[in-house]
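> The primary structure of each chain is shown beneath.
Protein chains: 2
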Amino acid sequence: MNLPKRVTLKEVGPRDGLQNEKKFVTTEQKVEWINQLSESGLSHIEVSSFVHPKWIPALSDAEQVFQQIHRHSGVTYSALIPNIKGAERALQVGVDEFAVFMSASETHNRKNINKSIEDTYSVLKEVANEGKSARKNVRGYVSTVFGCPYDGHVSLEEVKKICDKLFSIGVYEISLGDTIGVANPQQVEEVIKEVKKEFGVDRFALHFHDTRGMALANTLVGLQLGVKIFDGSIGGLGGCPYAKGASGNVASEDLLFMLHEMGIETGVDAKSFLKAATFIEDVLQKTLPSHQLKIAEGMS
Amino acid sequence: MNLPKRVTLKEVGPRDGLQNEKKFVTTEQKVEWINQLSESGLSHIEVSSFVHPKWIPALSDAEQVFQQIHRHSGVTYSALIPNIKGAERALQVGVDEFAVFMSASETHNRKNINKSIEDTYSVLKEVANEGKSARKNVRGYVSTVFGCPYDGHVSLEEVKKICDKLFSIGVYEISLGDTIGVANPQQVEEVIKEVKKEFGVDRFALHFHDTRGMALANTLVGLQLGVKIFDGSIGGLGGCPYAKGASGNVASEDLLFMLHEMGIETGVDAKSFLKAATFIEDVLQKTLPSHQLKIAEGMS
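Residue numbers (the UniProt record's numbering), protein chains in the order written: chain A, 1 to 300; chain S, 1 to 300.
Any given hint could turn out to be false.
[Unchecked claim] Just a sample of chain A residues kept apart from chain S, beta carbon distances all over 10 Å, derived: (1) 5; (2) 8; (3) 31; (4) 36; (5) 85; (6) 118; (7) 123; (8) 133; (9) 196; (10) 199; (11) 254; (12) 257; (13) 267.
[Claimed, not checked] Now the in silico label distances, taken between C-beta atoms and shown as ranges: (14) 22(A) - 153(S): 41 to 49 Å; (15) 132(A) - 285(S): 53 to 61 Å; (16) 53(S) - 261(A): 26 to 34 Å; (17) 153(S) - 24(A): 40 to 48 Å; (18) 73(A) - 152(S): 34 to 42 Å; (19) 53(S) - 1(A): 41 to 49 Å; (20) 261(A) - 299(S): 31 to 39 Å.
These aren't lab readings, by the way, just hints derived from the structure by calculation. Just so you know, even glycine gets a beta-carbon here, dropped at the ideal spot from N, CA and C.
Model the full structure from these sequences, guided by the hints.
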């Protein structure tokens with residue numbers, strides 16, 4: 001099997017995982033948790049979001065979290081930046097990297113960003129310019145690449161057009177998201193082969209949800225096609241609002257287990273990572289949809 | 001992606017799924033449920049086990065179930081047969097196919113069958129002979145092929161030796177089992193390539209557990225190497241006794257979803273299959289570890 005020797009896990013739990021949680025995780029708890037993540041050997045942590053607090057109250061303490069975490073050298077602490085106001089807030093607390101986002105389907109983009117796809121570019125460009133003039137890297141998220149809860153099928157031509165636009169405004173990497181967990185391995189192959197042909201595989205990360213149990217199968221296809229960057233959410237944090245009780249983001253520790261078992265290095269220590277997963281599960285006081293957590297709990 | 005056009009799902013839920021359940025599912029409920037499965041388009045259902053009732057009380061009504069189910073033409077109704085006494089009981093109620101079983105690791109085999117691997121063959125041969133003289137097909141299960149909860153690593157040479165023995169006693173097909181859900185895709189590739197070279201791929205089925213979320217990734221590898229028969233357990237029934245709360249058998253409906261999404265035919269109607277999954281979940285009064293069930297419940 002032709003697999004990369006080393007893969008980077010980009011941990012999105014503190015942002016993507018917590019943003020829909022009803023229980024407010026205190027700043028102190030967030031800081032302790034992110035410090036644990038830093039110590040696990042991760043090289044990239046998406047810490048928070050600089051969206052207006054009224055939209056995502058769970059992450060209203062983005063500034064305080066960035067000010068209080070202990071930063072490790074070699075770790076990139078990124079944040080989601082929706083607009084120029086968010087960019088200014090982020091720069092004040094020294095965010096390492098900006099992440100901008102949009103959807104590949106019109107309706108999801110409108111519901112999420114309140115703009116058409118066409119009108120989104122100018123906002124993202126403004127954010128990207130602000131980041132770049134402060135010498136920050138800018139990462140792009142494209143949601144609903146493999147299917148949309150409203151529009152259903154998503155055109156691969158549209159995905160490529162969006163990628164082209166995002167690269168042209170200075171994004172260094174695009175994370176292709178299966179927002180509702182409908183991607184199947186054959187489709188993943190089709191999409192990656194196409195974007196690889198057009199832009200090269202090194203500029204893409206994959207962001208899978210395990211809603212239908214296919215996250216690791218889809219990951220495997222990505223690996224076989226040379227993708228070396230995968231997003232994961234610790235504990236499988238981040239529910240899917242379209243299917244109550246169903247799992248959302250693939251649990252980073254499940255991803256790590258498969259990678260490590262296949263001899264792929266990540267630099268992350270699975271044991272200390274799992275400790276951080278147990279920590280946030282205890283804080284949230286609910287069972288998280290992570291296979292590795294369930295096994296650890298069943299064994300103890 | 002090189003995938004088979006058609007795959008056979010062998011449904012093991014009524015036997016493998018129920019055998020560890022504490023709640024006794026009444027004969028009437030089992031019969032109604034299996035009738036629903038027959039109507040879903042399955043071609044193979046493992047109905048029960050003719051193990052001594054004192055070992056598996058949950059399946060003590062094997063005879064009654066076989067006598068009362070409505071048999072569809074084109075559906076094979078099989079049963080697990082541990083010994084000659086079980087074979088005689090099974091023949092009295094017209095079981096279509098025998099399944100014999102053993103482990104690829106010495107300690108698991110001893111704990112499960114109370115015999116060494118070497119001493120198991122003669123019992124299996126006796127059962128197989130009894131089946132064949134009544135013109136029944138005999139299927140073989142090999143457990144712990146990808147790892148053992150006691151012995152850890154399992155030798156591929158030992159697996160091949162066992163396969164060779166089982167084929168020599170007249171087994172027509174061997175289901176390779178990942179009993180504790182530790183198989184990773186690279187290992188699955190290695191094992192299948194080896195047994196394929198020695199015996200041909202058409203004589204093998206794969207039996208995965210989703211304990212670590214890798215069942216569908218491992219299935220994908222099997223498909224790519226030409227395996228066309230997969231075991232599944234409706235609802236993901238069948239806990240893993242080594243890790244409380246962790247999922248065991250891959251849910252057949254999760255398997256079906258991935259296959260159908262990739263355009264692979266199974267002959268099974270996903271909708272009526274899911275109804276049968278909901279039925280048994282209601283009977284057992286507990287949440288089963290099936291992604292498709294969770295999605296259906298979240299949507300309703």
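> Using the Cβ atoms, figure out if residue 53(S) sits within 26 to 34 Å of residue 261(A).
violated (39 Å)
> Classify the label on residue 199(A) as holds or violated, using whether its beta-carbon is more than 10 Å from each beta-carbon of chain S.
Answer for residue 199(A): holds, closest chain S Cβ roughly 21 Å.
> Would you check whether the claim that residue 254(A) is not at the interface survives, using Cβ distances to chain S and the 10 Å cut-off?
violated (5 Å)
> Residue 196(A): least C-beta distance to chain S exceeds 10 Å?
The assertion about residue 196(A) holds, with a minimum of 15 Å to chain S.
> Holds or violated: the 34 to 42 Å window for the beta-carbon distance between residue 73(A) and residue 152(S)?
holds (38 Å)
> The hint says 31 to 39 Å between residue 261(A) and residue 299(S); measuring C-beta to C-beta, is that right?
Hint holds: Cβ distance 34 Å, inside 31 to 39 Å.
> Is the nearest Cβ of chain S still more than 10 Å from the Cβ of residue 118(A)?
holds (31 Å)
> Checking the smallest CB distance to chain S, is residue 5(A) really beyond 10 Å?
Correct as stated: the minimum Cβ-Cβ distance to chain S is 13 Å, above 10 Å.
> Do residue 153(S) and residue 24(A) keep their Cβ atoms within the hinted range of 40 to 48 Å?
holds (46 Å)
> Beyond 10 Å from every Cβ of chain S: is that where the Cβ of residue 85(A) lies?
Residue 85(A) is indeed farther than 10 Å from all Cβ atoms of chain S, at 35 Å.
> Take a quick look at residue 36(A) and tell me if its Cβ sits farther than 10 Å from every Cβ on chain S, holds or violated.
Its Cβ never comes within 10 Å of chain S, the nearest being 22 Å, so this holds.
> Verify this label for me: residue 267(A) is non-interface relative to chain S, using a Cβ-Cβ cutoff of 10 Å.
Non-interface label stands for residue 267(A): nearest chain S Cβ at 19 Å, farther than 10 Å.
In this structure, the hints that do not hold are numbers 11, 12 and 16, in rising order.
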